[in-house]
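Q: Line order of the protein sequences matches chains A and B.
Just so we're aligned, residue 1 is where the first sequence starts under the working numbering, counting upward by one.
Just so we're aligned, residue 1001 is where the second sequence starts under the working numbering, counting upward by one.
To be clear, the hints were calculated from the coordinates, so they are not data collected in a lab.
Where hints are given, some of them may not hold.
[Claimed, not checked] Using 27 angstroms as the maximum straight-line C-alpha spacing, the simulated DSSO-like pairs for lysine-lysine come out as follows:
hint: 1; chain 1: A; residue 1: K22; chain 2: A; residue 2: K72
hint: 2; chain 1: A; residue 1: K59; chain 2: A; residue 2: K22
hint: 3; chain 1: B; residue 1: K1038; chain 2: A; residue 2: K72
hint: 4; chain 1: A; residue 1: K41; chain 2: B; residue 2: K1072
hint: 5; chain 1: A; residue 1: K41; chain 2: A; residue 2: K56
hint: 6; chain 1: B; residue 1: K1022; chain 2: B; residue 2: K1072
hint: 7; chain 1: B; residue 1: K1022; chain 2: B; residue 2: K1056
hint: 8; chain 1: A; residue 1: K56; chain 2: A; residue 2: K22
hint: 9; chain 1: A; residue 1: K72; chain 2: B; residue 2: K1056
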Amino acid sequence: MEEYQNGSEGSFNSEETDGIVKECIESVVAGDDYSQSQVNKWTASIVERCLTQLVKQGKPYKYIVTCAVMQKTGAGLHTANSCYWDTAMDGSCTVRWENRTMYCVVSVFAVAIA
Amino acid sequence: MEEYNSGDEVVFSADEATSSVKECIEGVIGGTEYNQSKVNQWTASIVEHSLTHLVKQGRPFKYIVNCTIMQKSGAGLHTANSCYWDTATDGSCTVRWENRTMYCVVSVFAVAVPL
């Protein structure tokens, strides 16, 4: 694993992460309509970009990024998550984004490396 | 954090987690139809039961359990996940379940805790 910066905050900064994730989503799907043939590519791009940006921060964390894209048709979609970890150091953030034709939900989970 | 069983391998067992999660899903929504007023309760129960079962195994892992339930209506749903971790000790598993009226997708991510 790469070296980490010294002096970084000891806990997860969800606001900063929120901003990073929003930018990544916008850069992949902003202005697009739901397209069945492209959506696999989009979800893969979104998680990859988010992960790259997060790792670039050089903080001592392992990351899990999940992304769900759903076509808007009136169907119900519900998600929940539960975490068993060190609440002082670890954290998560979830970003919900939508446009006229689809919903996109991205969750980032950050687990501190001792 | 609680004490861990000594002598256990510090490698995530995806098979064991998969069957554990399948049981939890069946226990909560097996035999039910999609119901907007209950679905929040269902997703919460599924992640809670799954997490409890995993922690009970007493292995040195932190866990993240994610559950998505979607009504079957012909809409497209795509999910992806990407992980930056230690591929030797950490792992994940995803369980897809469905019945006539809904899909349920549960993902478990396990991150090893240094002993």
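Q: Would you mind marking each hint as holding or not holding in the structure?
A: Hints and how they fare:
1. Pair hint K22 (chain A) plus K72 (chain A) holds up; C-alpha atoms about 19 angstroms apart against a cutoff of 27 angstroms.
2. Of the pairs offered as hints, the one joining K59 (chain A) and K22 (chain A) holds, with about 20 angstroms between alpha carbons and a cut-off of 27 angstroms not exceeded.
3. Distance restraint check for K1038 (chain B) and K72 (chain A): the Cα-Cα separation of roughly 21 angstroms lies within the 27 angstroms cut-off, and the hinted pair is therefore satisfied.
4. As the CA atoms of K41 (chain A) and K1072 (chain B) are separated by approximately 23 angstroms, the hinted pair is consistent with the 27 angstroms bound.
5. As the CA atoms of K41 (chain A) and K56 (chain A) are separated by approximately 22 angstroms, the hinted pair is consistent with the 27 angstroms bound.
6. Between K1022 (chain B) and K1072 (chain B), the direct Cα distance comes to roughly 19 angstroms. Compliance with the 27 angstroms bound is thereby established for this hinted pair.
7. The suggested pairing of K1022 (chain B) with K1056 (chain B) holds, with an alpha-carbon distance near 16 angstroms, which does not exceed 27 angstroms.
8. Between K56 (chain A) and K22 (chain A) the CA atoms are separated by roughly 16 angstroms; this keeps the pair inside 27 angstroms, and the hint holds.
9. A threshold of 27 angstroms between alpha carbons decides the hint, and for K72 (chain A) with K1056 (chain B) the separation of about 39 angstroms lies outside it, so the pair is violated.
Comparing the model with each numbered hint stated earlier shows that hint 9 is the single one that does not hold.
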